[in-house]
Amino acid sequence: MAWFKRQDKGIHTPTEKKKEAPDGLWYKTPSGNIIHMRELKNNSYVCPDDDYHVRIGSKEYFEILFDDNKFTELDADLMSADPLKFTDSKKYPDRIAASQKKTDLKDAVRTAYGKMNGKDITICCMDFSFIGGSMGSVVGEKIARGIDHSLKKKVPFLMISKSGGARMMEAGFSLMQMAKTSAKLAQLSEAKIPYISLLTDPTTGGVTASFAMLGDFNIAEPGALIGFAGPRVIRETIGKDLPKGFQSSEFVLEHGFLDFIVDRRQLKNKLTTLLKMVY
Amino acid sequence: MMKAPFAVWTGLEPATSCVTGRHSNQLNYHTFDLFGTLTLVCVRVSLNCDAKLCAYLIKSNRPIQLFLSTFSISLKLSKRGFLSTFVPVKNQSMHLEFEKPIVELESKLADMKQLAQQSDVDVTDAIKKLETKITTLKKDTFTNLTRWQRVQLSRHPERPYTLDYIYEISDDFVELHGDRTVKDDKAMVGGFATIDGESVMIIGQQKGRNTKQRQERNFGMANPEGYRKALRLMKLAEKFNKPIITLVDTPGAYPGLEAEERGQGEAIARNLKEMMMLKVPVVSVIIGEGASGGALGIAIADKVLMMENTWYSVISPESCSSILWRSWDYKEQAAEALKLTAKDMLEHKLIDGIINEPLGGAHSDMKAAASQLKSDVLKHIKALKKLSEDKRIQQRIDKFSDMGAYK
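These protein sequence lines are chains A and B, in that order.
According to the working numbering, the first sequence is numbered sequentially starting from 1.
According to the working numbering, the second sequence is numbered sequentially starting from 1.
If you're looking for bench data, these hints aren't it; they were derived computationally from the structure.
Where a beta carbon is used, it is the ideal one built from N, C-alpha and C, also for glycine.
Among these hints, one or two may not hold up.
With a straight-line Cα cutoff of 25 Å, these simulated BS3-like cross-link-like pairs (lysine-lysine) come out [to be verified]: (1) B:LYS138 / B:LYS113; (2) A:LYS85 / B:LYS349; (3) B:LYS343 / A:LYS91; (4) A:LYS101 / B:LYS407.
Listed next, the stretches of chain B that the computed footprint assigns to chain A, with coverage defined by at least 3 CB atoms under 8 Å from CB atoms of chain A [stated by the list, open to error]: (5) 170 to 181; (6) 334 to 347; (7) 364 to 370.
Work the whole structure out from these sequences, hints included.
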C-alpha cells in the first residue's frame with residue numbers, strides 16, 4: 001500500500017492556475033546538486049561543488065570586478081541600425097527589438113569604466129544572451145570607443161569576450177568590425193597601454209579572429225569553448241568525431257594561445273596583481 | 001656538328017627521340033633529341049611565353065635550335081624569371097546556366113562562318129545580324145545579373161586565379177615559400193614580382209584548376225601557416241620598402257582540426273592588427289570569393305578593390321541560408337539579403353572601388369581582365385606612394401574605424 005494516496009480523484013489544474021516558485025531562485029549544478037542562487041552569486045557564479053563556471057553576462061562581471069559595483073557606463077544608448085534592410089524569417093529590427101525586450105540590453109556588449117581594487121580600468125563585456133553575443137556595428141563601435149577611452153585616460157583595457165562570432169544580419173558591416181577593433185587595438189598597443197583579453201564560454205568565429213586573440217595577455221575561464229570554427233562545422237568538414245576536450249580553454253592553453261586560465265573567484269585579484277607589475 | 005636541321009624537320013633524318021607536347025591550348029611543340037647532343041624544338045602556334053618549355057630547354061642543357069613553323073613566335077625570355085612551379089592550365093569549357101543562350105548563339109555564329117568559307121552563299125548580312133544579337137544578349141545578361149549569379153561567376157571554374165593574374169601582369173616573379181614555423185601552405189601564395197619595372201610583393205589565396213590541384217591548394221582555404229606566411233612576406237616587403245598587393249579569393253579560412261590546434265583565429269587576428277601598421281602602401285583586390293575572416297586576413301589595405309563579379313561578406317550565402325533558414329535551399333535569398341556584391345559594398349563604403357571586368361566576365365577574356373586589374377592597382381599604388389608613411393597608416397586606421405551603422 002502506498003504511503004500517500006490521492007483521495008479525490010480527477011483533480012485537474014489548468015495551466016494558468018498552477019503556482020510557480022519564483023524563477024531562478026535555485027540553480028542545479030552540472031553534478032546535480034541544487035544550490036540557492038544567493039550562494040552561487042556569493043561564489044562569483046561558480047558552482048561550489050564542481051567549480052563549474054556558470055555563463056553570466058556584463059551585469060554580473062561588472063559586479064564581480066568593479067569595486068562596490070560602482071562604474072560609469074559608456075555609450076549605453078548606442079543601438080543597431082538596419083543598413084542592409086536584412087530580412088530572413090524575421091526582419092532584423094524586429095529581431096533586435098525582441099532581444100532587447102527579452103534581455104533588457106541594448107546590444108551584445110556593454111562598456112564601463114571604474115576602479116578595480118582602487119586602480120582605474122575600462123572594461124568591455126559581451127552578453128551572449130543578446131543574439132548569441134554576435135558582433136555587429138554596435139559591438140564594434142562600442143569596443144572601439146572603449147579603447148579610445150582607455151587611450152585618452154591612459155588606463156588599462158579589459159575585454160571580456162563571449163560570442164558566437166560576427167552578426168550575419170549586418171553582413172559586410174559586421175566583417176569590418178573585426179578590422180575596426182583591430183585598428184584600435186593597434187593604436188592602444190602603440191601607446192603601450194596594457195590590454196587584457198579574457199575569453200569566456202563561448203568565444204568563436206570573428207571575435208576569436210580579431211580582438212579576443214590580440215591581448216598583451218590572453219586569458220580564459222576554465223572549461224570555456226574557444227575556437228575559430230565551431231565544432232559542428234569542423235566535424236562536418238573533416239568527417240570525423242572531435243577528440244574530447246577539443247577547443248576547451250585547457251586545449252587552447254596547451255597549444256600556446258593563452259597565457260593562463262583563471263578561476264573566476266580569483267579573477268579580480270589576479271588581474272590586479274598582473275597589472276600592478278606591468279603598468 | 002649539325003647536319004641539316006631542315007632534314008629533321010622534313011623527316012629525312014632520324015632523330016633519336018621525339019617529344020611532342022601540347023598545353024595551355026596555346027602551344028604545340030615538338031622537341032627532337034638529335035644524336036644526344038642537340039635539342040631541336042619546333043613550335044607551332046604563336047605564343048608569348050611558356051614556362052614548361054623554357055624549363056625543358058634549360059634542363060636539357062644542350063645547344064638549342066628553335067624552329068618556328070609559324071613566324072610570329074616571340075619566346076619572351078623574361079618569363080624565365082617566372083620562378084614558380086605554376087603553369088597555367090585551361091579547363092574544358094564549362095558554362096553557367098545563364099551563359100548557355102550566349103554560348104549557343106556563338107556556336108551558331110561559328111558554324112555560319114565556316115559555311116561562308118566553304119560555300120559561295122553570301123551570309124555576311126546574317127553573320128552581322130547574329131553578331132549584334134550576341135552583343136546585345138551579352139550586355140543584357142551581364143548588366144542585369146542577380147546577386148546569386150555574380151556569386152556563381154565568382155566561382156566559375158574558368159575564372160582566373162591569383163597565380164593566373166600574377167602570370168599575366170608581372171614581368172618577373174619569384175615565388176617565396178613557407179611560414180618558417182610549420183610548413184608551406186599551398187593555399188596561400190606570394191612573392192616578389194616586377195610589374196612595369198616596379199618591384200612589388202604580391203600575395204593571395206590560390207585555388208586549383210583540376211581535382212589534383214584543388215586538393216593541393218585545399219580549395220583556396222588557407223591554414224594558420226598560410227596567414228603567417230602572408231604576414232612574413234608582408235614584413236619582408238616592408239623591410240625592403242616595396243608596395244604590397246594582395247589578391248583575395250577564398251571560400252573561407254580552413255575549418256579543420258589542425259587549423260584550430262595551430263590557432264587559426266590568432267593567425268588572422270594578428271594579420272589584421274599588423275597590416276594596419278604596415279609602413280608601405282597596400283592594395284587589396286577581391287578577385288573571386290571573399291568569405292569572412294579568411295578573406296579579411298589579407299585584406300586590410302589602403303585601398304580595397306573588388307572585381308565586378310565577385311562577392312565579399314561575413315559568410316557565404318549557403319552557410320547563411322543553412323543557419324538562418326535552416327536549409328541549404330535559400331542561397332539565392334541569402335545572397336540578396338547579404339548585399340555582398342561589389343556594387344553593394346561600394347555603396348555602403350565598405351570598399352574603395354570596383355575593377356571592371358570584360359563583358360562576359362573575367363574568365364571570358366583573362367588577358368583583358370588582368371590588364372584592367374594591373375592598371376587600376378598601379379594607379380592606386382602611384383597615388384599612395386605620394387603620401388607619407390604616417391599619413392597612410394592614419395588614413396588606413398581612420399577608414400576602417402569609420403565603418404559601421406548605428407544610431
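Outcome of the hint check:
1. B:LYS138 / B:LYS113: With Cα atoms ~20 Å apart, LYS138 (chain B) and LYS113 (chain B) stay inside 25 Å; holds.
2. A:LYS85 / B:LYS349: holds (16 Å)
3. B:LYS343 / A:LYS91: holds (23 Å)
4. A:LYS101 / B:LYS407: holds (18 Å)
5. 170 to 181: violated (count 0)
6. 334 to 347: holds (count 7)
7. 364 to 370: violated (count 0)
When held up to the earlier numbered hints, the structure conflicts with 5 and 7 and fits the remainder.
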